[in-house]
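Please model the complete structure; the sequences and the hints are all you need to start from.
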Amino acid sequence: MEKTKPQRPTETFLVKNMVCRCCIWYLHEKLTREGYRIKGIELGKVTVSMDSSLYTREDIEKSIEKLGFELIRNREKGLVEQIKHAVIELIHQMNNVDSIARKSDYLVEKLGLSYPYLSRLFSANEPVTLERYIILQKIERIKELVDQGEFSLSEIAYMMDYSSVQYLSRQFHAVTGVTVSEYKQGKGASRKPIDQLY
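Just so you know, the working numbering puts the end of the sequence shown at 590, numbered straight through with nothing missing.
Incorrect hints may have been included.
To be verified - Quick list of in silico lysine to aspartate or glutamate cross-link-like pairs, DMTMM-like style, CA-CA up to 20 Å: (1) Lys535 x Asp553; (2) Lys495 x Glu547; (3) Lys454 x Glu481; (4) Lys431 x Glu453; (5) Lys469 x Asp443; (6) Lys535 x Glu523; (7) Lys458 x Glu403; (8) Lys454 x Glu523; (9) Lys431 x Glu468; (10) Lys495 x Glu481.
It is worth saying that the hints were derived from the structure and are not from the lab.
The following block contains the structure:
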């Protein structure tokens, strides 16, 4: 009978401001180079196979913070970060108008909690409402799509679940202070990092 190696225990770290695939790659590369055995990594979460003869939880926490990320130690704040990651994933990575149109359904399905609860929790922990956060993310995505120049404004309005180009334009102006045309001409309203919208 073949003996199986005992599984090493794992520790999961909740990480703030991991907002894109580059963050995942960067954190994975740097932690692996420091000798940590990464078992899993996704937006906002790193799971490490622990080897107490080589490193401790505190060592890993220091390494993550040294790389410019912040650890989340509070359950509510962790859930708020998960909400942010789900919104970013939905708006910036999925390009699925059906999902954007049903954003509340997407968040409920992704996080397994009711939308009113998620909305209240978000508002209690952030200076903006969840709805405002979604709008800010959509505006940043619109700026990105306009800069790329691959789609007409009508196509962008459809992709971002606006009922019309006029509605997109009004909301864009209300948030940025400039029209889409002025933005295209480089008049004010530059793009912002998606983790620093407010």
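20 Å limit on alpha-carbon distance, applied to hinted pair Lys469 and Asp443: Between Lys469 and Asp443 the Cα gap is close to 28 Å, so the pair fails against 20 Å, i.e. violated.
Distance restraint between Lys431 and Glu468, which requires alpha-carbon spacing of 20 Å or less: violated, 24 Å
20 Å Cα cutoff - pair Lys495, Glu481: holds, 11 Å
Agreement of Lys454 and Glu523 with the hint, judged by alpha carbon distance not exceeding 20 Å: Since the Cα atoms of Lys454 and Glu523 sit roughly 34 Å apart, the hinted pair is violated (cutoff 20 Å).
Restraint status (C-alpha distance of Lys535 to Glu523 at most 20 Å): holds, 19 Å
Hint consistency between Lys495 and Glu547 [alpha-carbon to alpha-carbon, up to 20 Å]: holds, 19 Å
Hint consistency between Lys454 and Glu481 [alpha-carbon to alpha-carbon, up to 20 Å]: Cα-Cα ~27 Å, so violated.
Given pair status - Glu403, Lys458, alpha carbons within 20 Å: holds, 18 Å
Satisfaction of hint between Glu453 and Lys431, Cα-Cα up to 20 Å: holds, 16 Å
Hint consistency between Lys535 and Asp553 [alpha-carbon to alpha-carbon, up to 20 Å]: Holds, because 15 Å separates the two Cα atoms, which is no more than 20 Å.
In this structure, the earlier hints numbered 3, 5, 8 and 9 are contradicted, and the remaining ones agree with it.
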